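We have chain Y; now place chain F onto it with these hints.
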Amino acid sequence: MLELQHVSFAATDGDANKEILDDVSLTVSERFVAITGPNGSGKSTLAKLIAGIIRPTQGKILLDGEDITDLSVTERARKGISYAFQQPVRFKGLTVKDLVSLAAGRKITVSEACNYLSEVGLCARDYIDREVNASLSGGELKRIEIATVLARGTALSVFDEPEAGIDLWSFQNLISVFEKMHERTKGSILIISHQERILNIADKIIVIANGKVTKVGSKEEVLPNLLAGRICPALQN
Amino acid sequence: MDELEKMLLMQIADLHKVPDGAYNIRKNGEADGRRSTPHIRIEARKDGKAGIDIFISKETQGESVHIPVVITQTDYRETVYNDFYVEDGADVLIIAGCGIHNCGQATSEHSGIHTFHVGKNAKVRYVEKHYAAGDGNGENVMNPTTDIRLDEGARLEMETTQIKGIDSTARTTRARLAANAELVIREKIYTHGRQYAKTDFSVTLDGDGAGADVVSRSVAAQSSRQEFYLRIDGNGKCHGHSECDAIIMDDAQVVAIPALAANNVDAELIHEAAIGKIAGEQLLKLMTLGLTEQEAEEQIIKGFLS
Numbered sequence: 001m002l003e004l005q006h007v008s009f010a011a012t013d014g015d016a017n018k019e020i021l022d023d024v025s026l027t028v029s030e031r032f033v034a035i036t037g038p039n040g041s042g043k044s045t046l047a048k049l050i051a052g053i054i055r056p057t058q059g060k061i062l063l064d065g066e067d068i069t070d071l072s073v074t075e076r077a078r079k080g081i082s083y084a085f086q087q088p089v090r091f092k093g094l095t096v097k098d099l100v101s102l103a104a105g106r107k108i109t110v111s112e113a114c115n116y117l118s119e120v121g122l123c124a125r126d127y128i129d130r131e132v133n134a135s136l137s138g139g140e141l142k143r144i145e146i147a148t149v150l151a152r153g154t155a156l157s158v159f160d161e162p163e164a165g166i167d168l169w170s171f172q173n174l175i176s177v178f179e180k181m182h183e184r185t186k187g188s189i190l191i192i193s194h195q196e197r198i199l200n201i202a203d204k205i206i207v208i209a210n211g212k213v214t215k216v217g218s219k220e221e222v223l224p225n226l227l228a229g230r231i232c233p234a235l236q237n
Numbered sequence: 238m239d240e241l242e243k244m245l246l247m248q249i250a251d252l253h254k255v256p257d258g259a260y261n262i263r264k265n266g267e268a269d270g271r272r273s274t275p276h277i278r279i280e281a282r283k284d285g286k287a288g289i290d291i292f293i294s295k296e297t298q299g300e301s302v303h304i305p306v307v308i309t310q311t312d313y314r315e316t317v318y319n320d321f322y323v324e325d326g327a328d329v330l331i332i333a334g335c336g337i338h339n340c341g342q343a344t345s346e347h348s349g350i351h352t353f354h355v356g357k358n359a360k361v362r363y364v365e366k367h368y369a370a371g372d373g374n375g376e377n378v379m380n381p382t383t384d385i386r387l388d389e390g391a392r393l394e395m396e397t398t399q400i401k402g403i404d405s406t407a408r409t410t411r412a413r414l415a416a417n418a419e420l421v422i423r424e425k426i427y428t429h430g431r432q433y434a435k436t437d438f439s440v441t442l443d444g445d446g447a448g449a450d451v452v453s454r455s456v457a458a459q460s461s462r463q464e465f466y467l468r469i470d471g472n473g474k475c476h477g478h479s480e481c482d483a484i485i486m487d488d489a490q491v492v493a494i495p496a497l498a499a500n501n502v503d504a505e506l507i508h509e510a511a512i513g514k515i516a517g518e519q520l521l522k523l524m525t526l527g528l529t530e531q532e533a534e535e536q537i538i539k540g541f542l543s
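Protein chains in written order, with my numbering: chain Y, 1 to 237; chain F, 238 to 543.
These are computed hints drawn from the structure, not numbers from a lab.
Given the structure is predicted, the values throughout are model-derived calculations rather than measurements.
Errors might be hidden in some of the hints.
Once the Cα atoms are required to be at most 30 Å apart in a straight line, the calculated DSSO-like pairs of lysine-lysine come out as [what the hints assert, rightly or not]:
{"id": "1", "chain 1": "Y", "residue 1": "K186", "chain 2": "Y", "residue 2": "K60"}
{"id": "2", "chain 1": "Y", "residue 1": "K107", "chain 2": "F", "residue 2": "K514"}
{"id": "3", "chain 1": "Y", "residue 1": "K92", "chain 2": "F", "residue 2": "K435"}
{"id": "4", "chain 1": "F", "residue 1": "K425", "chain 2": "Y", "residue 2": "K92"}
{"id": "5", "chain 1": "Y", "residue 1": "K92", "chain 2": "F", "residue 2": "K286"}
{"id": "6", "chain 1": "Y", "residue 1": "K107", "chain 2": "F", "residue 2": "K425"}
{"id": "7", "chain 1": "Y", "residue 1": "K92", "chain 2": "F", "residue 2": "K360"}
{"id": "8", "chain 1": "F", "residue 1": "K539", "chain 2": "Y", "residue 2": "K79"}
{"id": "9", "chain 1": "F", "residue 1": "K474", "chain 2": "Y", "residue 2": "K107"}
{"id": "10", "chain 1": "F", "residue 1": "K539", "chain 2": "Y", "residue 2": "K107"}
{"id": "11", "chain 1": "Y", "residue 1": "K107", "chain 2": "F", "residue 2": "K360"}
{"id": "12", "chain 1": "Y", "residue 1": "K92", "chain 2": "F", "residue 2": "K243"}
{"id": "13", "chain 1": "F", "residue 1": "K401", "chain 2": "Y", "residue 2": "K92"}
Stretches of chain Y that chain F covers, calculated by requiring three or more beta carbons in the stretch to come under 8 Å of a beta carbon on chain F [claimed, not checked]:
{"id": "14", "segment": "67-76"}
{"id": "15", "segment": "102-109"}
Beta carbons: idealized from backbone N, C-alpha and C, even for Gly.
Pulled out of the complex, with its shape left as it was, chain Y reads as follows (with noise of 0.2 Å):
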């Protein structure tokens, strides 16, 4: 289980577009737990709280009751957290094989890495000895972005936003994606989401808002008031 004890963040570099956070407790222990709210509200802020890219100002983080809120990002991943980057990172030289294989912490087989690919819709073969650089597009390196944190299978994943750049997926593959990695690792998946469909597997949705966590509930209780409240972010002064 995961347990944020009244986690903010503020900017420390001047940079006013940071989001910040406010006081913010939330538990992650069932199976899908959404995170959503408007542009700006500080989700992506905590999904990298919890990965340990950022570290609160003030707060605590626990993970099955230690409190990590110092660990570095290797230590929380080898603790079992995982998080998916909502833009994937590109590297020259680096192949598809290699970043699943040093996902999976272990040399693994062309038929192994294929079987994460092809989970994510990817048809391996012609995946597989790519460079992961700027000759993938978008939505190829979302889909092996997923691939990375299946093939590490921990009890905990984050993923940012997900389903930004899933060209011609469906969201039903990337549901039965996330539904597969439960029945695998048995733990829990933390999705930082827009999309209503998404929503709609969660069992906890936590709505944020100015940094603050506004509302958590089931989706029964949180989706009818969000998507009734829903106002096109442009036309809100």
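Frame of chain Y, contents of chain F only:
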């Protein structure tokens, strides 16, 4: 051959034993074995200079020639001239390379000057590896010069790698291409410590349909220095592409000075260059997979130079 020499041969030519096909092994300035085959003839030079002439007949199809150089003496310097005569239509793999193991205090130096005369429609793959080691304080110096002349429709692919132990190197490659000839160069360099590496490519595309693709990837770590010079001259309806991509670390310095000269309105020449440190995001991604920062760095460099 002793264990040290065997180790050097393995590093530069992946040789565990005497190679199949034609070969010439040069050890501390002396011939340590030579074999010609019905299609590939290796002879001592007739002009008095050190080195060999290699004649590759047009009957040669898919054969290989190994010409490794091994130096295990300290305070030893040599300049060796090897000329390759590849007949029209031949198809050959040439594996050269130099390994130095310098345990002494003085400098060991090898300057290899390779000239390729490649006939019409012939295909050459030329693999060159440089490696040095030693437990003394002596410097290891290698200055390879490659002179390539491609006749009409000829193709030469050159892979040149310098991964370890060379303290100072000046690598000069010149090529002149006739119509429809094709040149592909892949260079990989890793420098560390106080090493210095200079690369100088000069490619002249004389004929219509000639094409060159030169890609250099390098990593400069610690206090090492690298200089990259490149010039492509397009004198006809030709296409030239070059790319130099360098990762810089610690206190290293990299200079890249590319030049393109179009002397014909139909010459298409492109250069791409990038020098930068390893992107923080790349390190972070690999750290979220459980690697330490150091391990992430090693993987990124390994991939970049593979």
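Going down the list of hints, with the structure as the test:
1. Distance check on the hinted pair: Y:K186 and Y:K60 sit about 25 Å apart at the alpha-carbon level, within 30 Å; holds.
2. A hinted pair counts as satisfied when its Cα atoms are at most 30 Å apart, and Y:K107 with F:K514 qualifies at roughly 27 Å.
3. In summary, the hint linking Y:K92 to F:K435 is supported, as the alpha carbons are separated by about 23 Å, within the 30 Å threshold.
4. Straight-line distance between C-alpha atoms of F:K425 and Y:K92 comes to about 14 Å, which keeps the hinted pair within the 30 Å bound.
5. Note on Y:K92 and F:K286: the hinted pairing is violated, with a Cα-Cα distance of about 43 Å set against a maximum of 30 Å.
6. For the hint pairing Y:K107 with F:K425, the CA-to-CA distance comes to about 25 Å; that is within 30 Å, so the pair holds.
7. With a CA separation close to 29 Å, the supplied pair Y:K92 and F:K360 stays within the 30 Å bound.
8. For a cut-off of 30 Å, the pair hint linking F:K539 to Y:K79 stands: about 26 Å separates their Cα positions.
9. Distance restraint check for F:K474 and Y:K107: the Cα-Cα separation of roughly 47 Å exceeds the 30 Å cut-off, and the hinted pair is therefore not satisfied.
10. Taking the CA atoms of F:K539 and Y:K107, the gap is about 15 Å. The hint holds against a cut of 30 Å.
11. Taken as a hint, the Y:K107 and F:K360 pair is broken in the structure, with Cα atoms around 36 Å apart against an allowance of 30 Å.
12. Restraint check for Y:K92 and F:K243: not satisfied, since their Cα atoms lie roughly 34 Å apart, outside the 30 Å limit.
13. Between F:K401 and Y:K92 the CA atoms are separated by roughly 21 Å; this keeps the pair inside 30 Å, and the hint holds.
14. Counting residues of the segment 67-76 of chain Y whose CB lies closer than 8 Å to any CB of chain F gives 3, so the stated coverage by that chain holds, three being the minimum.
15. Coverage of the segment 102-109 of chain Y by chain F holds. Counting CB-CB distances below 8 Å, 3 residues qualify, and the rule asks for three or more.
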